[in-house]
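Each chain, letter by letter, is given below.
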Amino acid sequence: MKNLVIILAGCLAMLTAMPSFAQKSGDKVVCFKSNMHCQDCANTLFEQLRFEKGVKDLKIDHVSNTVKVVYTDKKTDDGKLQKAVEKKGYKAEKISEADYAAILKGTGEKPASNQGGNGHH
Amino acid sequence: MKKILIIPVLILFSILAAAQVSRVVTGKVYANENGSLQPLPGVNIIWENTRQGTTTDSDGAFSISQKNNQHMLKFSFIGYEPQTVHIDGEAPLEIVLKPNLEIEEITVVQKDRGTYLSTISPIQTERIGGAELHKAACCNLAESFETNPSVDVSYSDAVSGAKQIRLLGLDGIYSQLQTENIANFRGLATNFGLTFIPGPWMESILVSKGASSVLNGYESIAGQINVEFKKPDSQEKLHLNAFASADGKTEFNANSNIRLHKDMLTTGVFFHAENLSNRIDHNHDMFLDHPLTTQVHFYNMWKYNNYKGLMLHGGLRFLNDERQGGQVDFRKDMPRNSSSPYGIGIDNRLVEAVFKAGYVFPSQNSAIALLTNAVQQSMDSFYGLHDYEGDETRFYANLIWTQDLDKNGFHTLNSGASFFLNSFDEILNQRLMDRKESVPGIFTEYTLKPSDKLTLMAGIRADFHNMFGTMVTPRMHFRYQPDPRWTFRLSAGKGYRTANVLAENSFLLSNFRELVFEETIQEEAWNYGVNFIQKYNVADRDLTISAEFYRTDFQKQLIVDRETSAQQLIIAPLDGKSYANSWQVDVRYPVVKNLDLLVAWRQNDVKQTISGELVEKPLTSRYKGLVTMNYTTNLKRWMFDYTVQFNGGGRLPLLPDASLNLAGMNEEFPSYTVMNAQVTRYFRYWSIYAGAENLTDYIQHHAVIGHESPFNQGFDATRIWGPVSGRRIYMGLRFTLNYN
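Line by line, the protein sequences are chains A and B.
For the first sequence, my numbering assigns the number 1 to the initial residue and increments by one for each residue that follows.
For the second sequence, my numbering assigns the number 1 to the initial residue and increments by one for each residue that follows.
Derived from the structure by calculation, the hints contain no laboratory data.
Computed from a predicted model, the values in this text were never measured in an experiment.
Possibly wrong hints are sitting among the right ones.
Stated by the list, open to error - Below, computed lysine to aspartate or glutamate pairings styled on EDC-like, alpha-carbon distance capped at 16 Å:
(1) K105(A) x E519(B)
(2) K74(B) x D40(A)
(3) K556(B) x E519(B)
(4) K75(A) x E52(A)
(5) K332(B) x E322(B)
(6) K53(A) x D27(A)
(7) K59(A) x D40(A)
(8) K593(B) x D57(A)
(9) K75(A) x D57(A)
Unchecked claim - Here chain B is said to cover these stretches of chain A; the calculated rule only asks that three of the stretch's residues, wherever they fall, bring their Cβ under 8 Å from a Cβ of chain B:
(10) 34 to 40
(11) 51 to 59
No residue lacks a Cβ here, since even glycine has one placed at the ideal position from N, Cα and C.
This is chain A alone, in the form it adopts within the complex:
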């Protein structure tokens, strides 16, 4: 049982020590209007963007065709992120956060099944 406690404590320590992805000062946000249309395309874009330098958080939605990226502005900029989206063959039209919020507000789509890679048989 002693072992169990040690392991659990270790686990907790690991979890709490993990880098926080919350938005901090110095972080910037950029939003794009894109043309993904499908979940697989959104996954492709997610795969592309998650390893871009400086990216801290991502929201990609194929229903509203929007991309929101939180990043550290020392490591990348809006232009680089835009190129990264375009590199995969999708549009990346920069929009303001207000527009982004408005588009989302307008999208009433129920959360699509989003478990990337899990085919529904």
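Given the structure of chain A, go ahead and fit chain B onto it with the hints provided.
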């Protein structure tokens, strides 16, 4: 989801999903603005679960090509209620979208759940996907179930390194092991089959419990485990994996998919090599903790898809596996007598050819599939002074015809014929055993699916065995989903299998007692099951609760009797009752964002009649608890996994004469806990992982009974109920390059 309406059964799905016929669906989309219809431009249209889509033009018109497996067309536009339409006619469509007034949170790419509990299939199925396969070192299939609540994996004995699975509390032989829907790694490969399937080759594992579809044969009794390999036409261009553990085990895997002609003609090349040559004896009983192993495995797969309905699939496999265990001082070149140290050696060589073909008729409501494989395996082994050799050549063919009986695919009939041929030769010491099986069979299965809420599947098959006569196998499945949150399932069915008396019990040879057995028999059992899955949305996250009960009743079975005689281990046909009850409850919930928790509990009640008395099956845990935690960071750059298994105690076999039982031998083995942990860091092309199996170093003490004198009375390395090897710390690297 309805894309598989035409082929409601998984076996066909894998073959035919990619064999596609095109036609064009046209139509117009309107918006309903306060009662008046206005053409709606820019509407997103997409086949459900695919990436094929289009948008409407300025007049709201669209056209999109339809392939045979595509039935559900999804329309969505910002500010409007999305609509999904089942396409079953030729007429142009008229779609009216209603403005949506609800405001909901945006959907984001979520974490991959790993294990997916299907609520669609009429058969209770768990799909273990790519993410789950990354949660453990996952060197091979045997190690892929560490985070799975339904499948237990345990060591057969303390010397050979053979691992067996248990499903519903029953030994792995009662679950049909398949690779891509063909029963495989059976017969001579039974004991080591799980270690013959490398983790990095697998795309997914499907575990289905209870009676299976009759399409797959008469054999599965407790359930089915189907492994899907990575497909040659998948996105993965190159995958490399290297693994090393602190105790000296190394592994290398490489696979590559090559597109020879677009995505029509593709080939996949798979390579696996593993080695363990460190002699390790942590418990100082002079016996190796792990056998020394060398395995080389090569597989080449070809796939042709003309996208007009025809799909062909062919593959060739070569496997060579050598292992050596026993006492630390044993060397292969030593004379094999009782003055040398005790040793075991098991060499397996296997060649397999697979061919599959699928064709969807242009009418799109019928399809045909052929699945065949041919295997040649030779095995050469010794356990102390026993010599055991075997040769097996088998051929299998299964032809399935799928026919939709009506336009909507509400009624489907799957019928066909199969043929199994097996030539099996074994020699144990001087005793020669051989058998030739030839089993033609016919089957038919009717599926009623009037809506997403209800599926009824009833199948029957007749097989004509040259040794055991005619076998009739009825099986029935029922699924009812009154609400997307609740899924009920019922199943009942019969199963048979030809017991490979020696091949599946060969590990019992590392024992002083004489192995006594007769000719093979046909085992026979009924299996009944109920399953209830509930899905709720709690605090904006999915809570899944699954509860189930399965019962297996054996009419004929081979029973291993370790308790009647002090001089013999007796394998004899069941005389009396034998059954297994299994209750299981799983709860899955992401307790905080990105932290998935699974808590599961299973109660096993497995009883057999051994020497006239109905007793608990020895060496079987009475319960299993499992807690798994997975934390994946927002951008999936880090993944942390932690698993605890609580294994219940159980009955130990004792000798009839109390004086012969060694001092300290108990009637019961204790409950024990095993923990595993792993950390994975993903980069764009690379990932690196490190972890530990059996973290607390729990091992069964005195795993080798009588290890001081292995050639004398009392020696037994088969009384195994727990882990026989301790903590294993490991590290690995993966490199993946994708097309696209």
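Taking the hints in turn, this is what the structure says about them:
Our distance criterion of 16 Å between C-alpha atoms is broken by K105(A) and E519(B), whose separation comes to about 73 Å. A C-alpha spacing of about 14 Å is found between K74(B) and D40(A), which places the hinted pair at or below 16 Å, so the restraint holds. Of the pairs offered as hints, the one joining K556(B) and E519(B) holds, with about 14 Å between alpha carbons and a cut-off of 16 Å not exceeded. Proposed proximity of K75(A) and E52(A) is supported: the alpha carbons are some 9 Å apart, at most 16 Å.
A hinted pair counts as satisfied when its Cα atoms are at most 16 Å apart, and K332(B) with E322(B) qualifies at roughly 12 Å. At most 16 Å may separate the alpha-carbon atoms for a hinted pair to count; K53(A) and D27(A) meet this at roughly 13 Å. With a C-alpha separation of about 15 Å, the suggested pair K59(A) and D40(A) falls inside the 16 Å cut-off, and the hint holds. The hinted pair formed by K593(B) and D57(A) meets the criterion: a straight-line CA distance of about 14 Å does not exceed 16 Å.
Restraint check for K75(A) and D57(A): the C-alpha separation of about 14 Å stays at or below 16 Å, so the hint holds. Under the rule that three or more residues need a Cβ within less than 8 Å of chain B, the assignment of the segment 34 to 40 of chain A holds, with 4 such residues. For a cut-off of 8 Å, the count of residues in the segment 51 to 59 of chain A with a CB near a CB of chain B stands at 6, and the three-residue condition holds.
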